[in-house]
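Using the sequences provided together with the hints, build the complete structure.
Residue numbers (this note's numbering), protein chains in the order written: chain F, 71 to 201; chain Y, 2 to 299; chain L, 813 to 1137.
If you are wondering where the hints come from, they were derived from the structure by calculation, not from laboratory data. A virtual CB, placed ideally from N, CA and C, is assigned to each residue, including glycine. Each hint should be verified, as a subset may be incorrect.
Stated by the list, open to error - Residues from chain Y shown here face chain F by an in silico Cβ test under 10 Å; the list is partial:
#, residue
1, R32
2, I33
3, V74
4, H168
5, T172
6, E175
7, D179
8, D193
9, R196
10, V197
11, D199
12, R246
13, W266
14, E270
15, G272
Residue-level listing of the chains:
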Amino acid sequence: MISFRVDGRSVVPPYLQIVQQVRQALRMGRLDVGDQLPPVREVVAATAVNPNTVLKAYRDLEREGLIEARAGHGTFVLKRPPGPPPGTHSRLGRSLARWVQQAREAGLDDESIESLLRVQLRAAAEKEEIA
Amino acid sequence: MTAVIQTRGLSKRYRRVRALSDCTITVPEGRISALIGPNGAGKTTLLRLLSGLAKPTAGEMAVLGGTPRQDPVFLAEIGYLAQEMPLYRRFTADDHIGIGAHLNRRWDAGYAQDRLRSLNIPLDRAAGSLSGGQRAQVALALTLAKKPGLLLLDEPVAALDPLARRHFLATLAEAVADGGLTVVLSSHLLADLERVADHLILLAASRVQLCGDIETLLAEHHVLVGPRKDTTAIEKARTVVQAVRTARQTTLLVRGNAPVIDPDWESDEVGLEEMVLAYMGQDAAPAPAQLTTVGEDQ
Amino acid sequence: MTWLVWRQHRAQFYVGAALLAALAVLLLITGLQMASQYHSAIAACTANRSCTDQGGLFLGNRAVGFLVIMTLGTPVLAGLFWGAPLVAAELETGTSQFAWMQSVTRRRWLAVKTGWMLLAAAVWGGVISALVTWWSGPNNALHLDAFNNGRFDIMGLVPVAYALFAMALGIAAGTLLRRTLPAMAVTLAGFVAVRAVIALWLRPHYMSAVTVTYNLLRGYTPAGSYWQLGQGVLDPNGHLVPVPNGPAAFGVAMGYLPASCAPLNGGATKVAPSCAQALGRFHGVITYQPAGRYWAFQGIETGIFVLLAAILITVAAVVLLRRDA
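Below, the structure is given as structure tokens:
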């Protein structure tokens, strides 16, 4: 079963961290359709997070259609989030590693790299909007 | 949602000192409410009033539907943990569980024993020779074993190391997850409260400054950053909680949802710590923005 | 709640029971010895018709006799070690709050604790008193001093009342002062002060004393174990004669008497007629409480101390229940 990590210092609110971790686990293949999610009580015991927070995360995921609560049995994964097949991430990750290597050799520091990435993401988003 | 706690104008005065003034709060059922405030703000007083250990000098309150009173039925519904976590020094955890069984109507001895065993706390050692963290867990287990409807905890994690704190808060959250329990706990450690609490009561200068669900409160507050200029227009539409002005910049923490039209102002979300510190007043540490600006000026 | 009181005070109970047992063994053994000593002496003197002369006979063991006198202090021990910490120690450590938050109302908490402790105090005082009273039987018959200060206080009913008073005082002090050591100090001081005041200034006046004037030569001794409050010699005018510190006869200084009385000071038993005539103008006076009033006095003093105990417990209860926890 998946185990959650909630970072109290993160800018991301706890419930969103849980949602993201479920989505990520589904993308990476650690969670599969039909797997059971830990009950609220267990998540709370492991992370010392407010039960309502976990409930909210599970509700959001349910609304997205990713999970389903079956009365008396627990909460189960319904489907994977839309996105590329699992292998995509590792493939893209490798080409990204090459690009980062190039950027470093060119003399870019982490901040410049992040700033470049942000600019590209924004540009891509604008292009999608126009399209 | 029924309110487990509802007070109006609650005040407590000791001779000349006003420990609590005009306190009006509501705590809905099932919440874990963080009671925050500087030392001497009245947190302990409020908890003692709610539990019936002290009597108010003015105002009224309804706790679990009634006034706190010397009555076994009411006492059975309330769990109160004082800061000192009193236990009988010579008695073991098992002894305490036995005492609880004799004194309480509702008592789940098995719960207490399972709870402590799962934390590896020896049941047969005298309470006086347990560590602070272990004592806190024993006290909490005993309080939970009577299956109260409301838990009032006064700085329960103050003397605990980070791991013990984590275990304590996890136990608490688990008990709330089981249902039928509302918790009010006072603490200085905002990081802990941020993850475990969903309701906030902020006391400063013996008065209630904030009371409500944390999510709602955070949504109502924003930080506005802009140039050093006149802010009357902004102040008219919303409440300014804290204003920091330097030679070239003004930072306002405001409460109110009116949109900011002026393009000079940047609106940002506010975090729990920032909001709490702003309300706690002058004694708070200076906002980070002020520090960096001072450096720039030099 | 009773169960909790038992668990908390189990050790104290065992210590107390052990002390009582030890005392019982000691007094039983020596008491039986003394009783047989006494009975043989009586049998012997009855044969010789010399029973009035037995006042000098000393019975028993000096050390045990001393211990018996020391039981004057046993009531206050109950107040000091069981009473003072009862509420104070729990207020100091905060365990009172623990109990109150375990669904026990303050009223029930105090009532059960106090009730058992008062009972324990009564038993403590009662058992010691019973043992001492029984043990003192021969001595009392011999010396007829049961009504005197010091003896009155350790026998009969009053030790029970003293113990109840001491316990109540300890509990009240602990409740008001909220700390064990100051409460113990106040209990000790208060107990001694109240006992002294009542025994020395109040007790003689429970009932109006009886005063009898008598012929000096014939003398007068009230019957039984009476309590002598005062004694003296009245001059012909009815005024008390100061106690002579030089040669005297029948309590009258030689200066007031003719020379014919002089041999009396040397130990002669025959009184010359002129001396007798002179002495006849003086009278002996004795103020006392008759022996028959012994139990009345025991009852009155018991009542006083029980009343004081009740007042103290009431005060403690009112203060505890009104005060914030």
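So, going through the hints one by one against the coordinates:
A hinted interface residue such as Y:R32 counts as satisfied when its beta carbon comes closer than 10 Å to some beta carbon of chain F; here the least separation is about 8 Å, so the hint holds. Using the Cβ-Cβ criterion of 10 Å, the hint placing Y:I33 at the interface with chain F is satisfied: the shortest such distance is roughly 6 Å. Interface hint status for Y:V74: violated, as the beta-carbon distance to the closest one in chain F is roughly 27 Å, over 10 Å. Nearest Cβ of chain F to the Cβ of Y:H168: about 8 Å, under the 10 Å cut. The hint holds.
A least Cβ separation of about 8 Å between Y:T172 and chain F falls short of the 10 Å threshold, and the interface hint therefore holds. Because the beta carbon of Y:E175 sits about 5 Å from the nearest beta carbon in chain F, less than 10 Å, this interface hint is met. With 10 Å as the threshold, the beta carbon of Y:D179 comes within range of chain F, its nearest partner Cβ sitting at about 7 Å, so the hint holds. For Y:D193, the suggested interface contact is upheld, since its CB lies about 8 Å from the closest CB of chain F, less than 10 Å.
The interface hint given for Y:R196 is met, as the beta carbon of that residue sits about 5 Å from the closest beta carbon of chain F, less than 10 Å. Annotation: Y:V197 was flagged as interfacial toward chain F, and the flag holds, the nearest CB pair being 5 Å apart, inside 10 Å. About 5 Å separates the beta-carbon of Y:D199 from the nearest beta-carbon of chain F, less than 10 Å, and the hint is met. This hint is violated: Y:R246 has a C-beta 26 Å from the nearest C-beta of chain F, more than the 10 Å allowed.
At a threshold of 10 Å, the smallest CB-CB gap from Y:W266 to chain F is about 21 Å, leaving the interface hint violated. This hint holds: Y:E270 has a C-beta 9 Å from the nearest C-beta of chain F, less than the 10 Å allowed. The interface hint given for Y:G272 is met, as the beta carbon of that residue sits about 8 Å from the closest beta carbon of chain F, less than 10 Å.
In this structure, the earlier hints numbered 3, 12, 13 are contradicted, and the remaining ones agree with it.
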